[in-house]
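Novice: Chain by chain, the residues run as shown.
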Amino acid sequence: MVVPVKRPSPLPDTPATYARSLERIEVDLLLEGIYRHYGFDFRSYAYSSLKRRLWKRIFAEGLSSISELQSRVLHDPNMMEKLLLDLSINVSAMFRDPAFYKCFREKVVPVLRTYPFIRVWHAGCSTGEEVYSMAILLEEEGLYERARIYATDINEVVLQTARNGIYPAERMQEYTQNYLRAGGTSAFSEYYTAKYDAAIFSEALRRNVVYSQHNLVTDRSFSEFNVILCRNVMIYFDRPLQERVHTLFYESLVPFGYLGLGSKESLRFSKYEACYEQVDEREKLYRRTQ
Amino acid sequence: MTAVKEGFDIVAVGASAGGFDALCTLLARLPADFEIPIAIVQHRAKESEGLAGLLQDCTRLRVLEAEDKETLERGTIYVAPPDYHMLVEEGTLALSTEGLVGYSRPSIDVFFESCADVYGPRAIGVVLTGANADGANGLKRIVERGGQALVQDPRTAEVSVMPASAQRLVPRARVLTLEEIAAHLAERDRLHRRSQRSRVS
Numbered sequence: 001m002v003v004p005v006k007r008p009s010p011l012p013d014t015p016a017t018y019a020r021s022l023e024r025i026e027v028d029l030l031l032e033g034i035y036r037h038y039g040f041d042f043r044s045y046a047y048s049s050l051k052r053r054l055w056k057r058i059f060a061e062g063l064s065s066i067s068e069l070q071s072r073v074l075h076d077p078n079m080m081e082k083l084l085l086d087l088s089i090n091v092s093a094m095f096r097d098p099a100f101y102k103c104f105r106e107k108v109v110p111v112l113r114t115y116p117f118i119r120v121w122h123a124g125c126s127t128g129e130e131v132y133s134m135a136i137l138l139e140e141e142g143l144y145e146r147a148r149i150y151a152t153d154i155n156e157v158v159l160q161t162a163r164n165g166i167y168p169a170e171r172m173q174e175y176t177q178n179y180l181r182a183g184g185t186s187a188f189s190e191y192y193t194a195k196y197d198a199a200i201f202s203e204a205l206r207r208n209v210v211y212s213q214h215n216l217v218t219d220r221s222f223s224e225f226n227v228i229l230c231r232n233v234m235i236y237f238d239r240p241l242q243e244r245v246h247t248l249f250y251e252s253l254v255p256f257g258y259l260g261l262g263s264k265e266s267l268r269f270s271k272y273e274a275c276y277e278q279v280d281e282r283e284k285l286y287r288r289t290q
Numbered sequence: 001m002t003a004v005k006e007g008f009d010i011v012a013v014g015a016s017a018g019g020f021d022a023l024c025t026l027l028a029r030l031p032a033d034f035e036i037p038i039a040i041v042q043h044r045a046k047e048s049e050g051l052a053g054l055l056q057d058c059t060r061l062r063v064l065e066a067e068d069k070e071t072l073e074r075g076t077i078y079v080a081p082p083d084y085h086m087l088v089e090e091g092t093l094a095l096s097t098e099g100l101v102g103y104s105r106p107s108i109d110v111f112f113e114s115c116a117d118v119y120g121p122r123a124i125g126v127v128l129t130g131a132n133a134d135g136a137n138g139l140k141r142i143v144e145r146g147g148q149a150l151v152q153d154p155r156t157a158e159v160s161v162m163p164a165s166a167q168r169l170v171p172r173a174r175v176l177t178l179e180e181i182a183a184h185l186a187e188r189d190r191l192h193r194r195s196q197r198s199r200v201s
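As they're listed, the protein sequences go chains A and B.
In case it helps, the numbering used here puts the first sequence at residues 1 to 290.
In case it helps, the numbering used here puts the second sequence at residues 1 to 201.
The set of hints was computed from the structure by calculation and includes no laboratory data.
Built from N, CA and C at the ideal position, the CB exists for glycine as well.
Do not rely on the hints blindly, as some may be mistaken.
Here chain A is said to cover these stretches of chain B; the calculated rule only asks that three of the stretch's residues, wherever they fall, bring their Cβ under 8 angstroms from a Cβ of chain A [as the list claims (entries may be wrong)]: (1) 29-43; (2) 58-68; (3) 86-94; (4) 97-106.
So here's chain B without its partners, still in its complex pose (with noise of 0.2 angstroms):
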């Protein structure tokens, strides 16, 4: 059973104004067999194309923006397309126009709260840097439903207000910089990854 508890199903990450270099410092500092389906939610302009490919610069995992339906696949980085919310079905990336939620699509409470409901305890949630309070209520869904919640220390973050708001909606999360966010994940793989193993046999 313990082995079993070791297991992540996605590791889901939530950033805004400053996203994108935080995003880049935490994804190159994962090793190059990370696992745990990884999927971000970065607020940016609709417009705004190609950061996935910004993103592939930073990282040996493989980063795709996600389509409607795609399969969650290990060693895999998904980014939420821009204009559209970003959920999970069992597997899946799900995606939908509905209207903005928090001045924002995609929304990153949408989107814990998704993983949240479907993994329950294994959805890891992690907050980074921004300057709205979106993500505090789907990290602290994320807690409810039994999974684990990493915030960005905001006093390392280069908009603190996010994080903050993250860590005071949810007193449990543990709060790291960027590069112990990094080795936290890598060491939480490590595990699922030894779980999956004996799982098997």
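Bound conformation, chain A alone (with noise of 0.2 angstroms):
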């Protein structure tokens, strides 16, 4: 029997024909050019999904090359308005790894409700997510009320519709299960309203949260805080911007404090695996001891 076969559809990265040392020459003089021009600072971002981001980028502008891309972004804003989106990864979803959520409620929530007040520093935020997925379990828990989540991305197009709590309803089921299996105590649907298309999240969760811009590559800390969520993050830095983040962490960390990674991240590889004790086997939440 002959299977029929479609022709699967070539995927966005460098052209076979493409010499990749000079490919390396053009990415570092595209970032370099980045970096100088706009002060985003894209150069120490984990090569190979890097470059796949730029490709895609070129094909969907229909240039043919990375040298075309830089003058392109370095005369036209808006162009780089667009790479700024297509280099900040920003998949995300509420209560994405319930089990983490779970994890924190019954570890982290009963030292947290010890103190008079809890500062969360959530890095990274994205669209905003997993900060209405800790304000909802810190309502539940009866400890939003002294609590303050500050919610930082480099990309400030991703800030507003954090902001603006509008997420696509056909998610709504998703999260619900998310919402359930993380450990929820209350109807998800609760939390926010439907219209049409829509799910807008009530505002009273908003209410404790501060949004703004910060950019874990050249900014440093601006406070000291009890709890610092960082998932999925880093995992688009190189090793040695991997630890300098891990050292603006370690400092911007209360002794005792807690830091919670995504679920394939690891202190491993960092000389601060030392200072942390991991707070359960499965997840990666770090309680800093030292």
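Got two chains here, each in a separate frame; can you build the complex from them with the hints?
Specialist: Encoded structure:
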């Protein structure tokens, strides 16, 4: 029997004929130009996935080389805005990795309960789904009144989405399941109003959230926190940059403060590993111990 | 020069529907002293945990679920975690939550292409059973960059669509049964170790 095979469509990535060493030079020049002209520093981003995203933009614009993209980006701020969205991955979900939130409820919340005031930094918050998740969790645990969530991202466009708190209604079913698996104690639908194809999240959840632009690569710490969440942000950084950000987080955490990372991120490759204890054997929740 | 050319830095394996049994058969037949790092992208539901543990029961080699920036080590098998793309940087694995590619995350094409870019002729790509065309483009890229391509014989695959797609797009690929793929890899590894030794001496 002959199996009908659809010819797969080619992917946006380096053309086969492109010399790898030349590509590296062009990428370095582009990133240097962006840094010096716009101040966004992508020079220490993980190369393989960064390069894929550059080529995606190159093909979308009908261009054929990284140098052509460089010319467009440096002369056209609108192109920079597009590329900024491409380069900062904005994939998120409410209660993404429900087990993480469940663990947070069970192992971190009891400690937070003993504090008069709780400062949370959500670094790289993207469009805010996980910020609302944390606000809901703290609300249900009776801690939200004394909490302040500082939610930051490099990208002003996604922060505006986060402030608006309007998400596609079609995702609510998935989020409701995540919410339940994360140990939610109420009905998820109480937190939003559905209108046509949009779900608008309750104003009350925003009352203790402060959104602001902050660049993990170039900006300093701006306070001391009891909890820092930075999930699936540093996977786009190379190891030296990850280490710099770990320094920033370490210096921004109060003694015995908590650090939450993405489920496949690790402190194993950092010199700060010894400064934390892992709160749970599965979830990437760490407590600063020294 | 010839000796160095025989060395490999990665065996990249892509599998989809029917993949677990195929992987188990393949890995069980590799010698216990197999050295070249093996990295596997197996399509699966995003909630599915524990593939690494199940595969560990099939092989004497060490099996790990990849974490971000994990160093590729000899004699180790890495499995892409569900719901992340896996890529390589020089000597390490990198993860990404970028959008689905070809309806998949992880995508075999994404992984193979980064292997081709980073390792060129020092990469071996293997496409196993599956019901979609993922992996074909990536395998093509591996061959274009001088690497080797192996495809499970579609007639012996639980689901033939994926290996048949790869075979069609990469006519130069060797089409083999799982047992033959294992034997071929073992032979490459033997040459690889000899080339490593000759490089040292």
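Novice: Indicate, hint by hint, whether the structure satisfies it.
Specialist: Status of each hint after checking the structure:
1. Coverage of the stretch 29-43 of chain B by chain A is violated in this model, with 0 residues showing a Cβ closer than 8 angstroms to a Cβ of that chain against a need of three.
2. Only when three residues or more bring their CB closer than 8 angstroms to a CB of chain A does the claim for the stretch 58-68 of chain B stand; here the count is 4, and the claim holds.
3. For the stretch 86-94 of chain B, the stated coverage by chain A holds: 5 residues have a C-beta nearer than 8 angstroms to a C-beta of that chain, and at least 3 were required.
4. Counting residues of the stretch 97-106 of chain B whose beta carbon lies closer than 8 angstroms to any beta carbon of chain A gives 5, which meets the minimum of three for the stated coverage.
Hint 1 alone, counting from the list given before, is not met by this structure.
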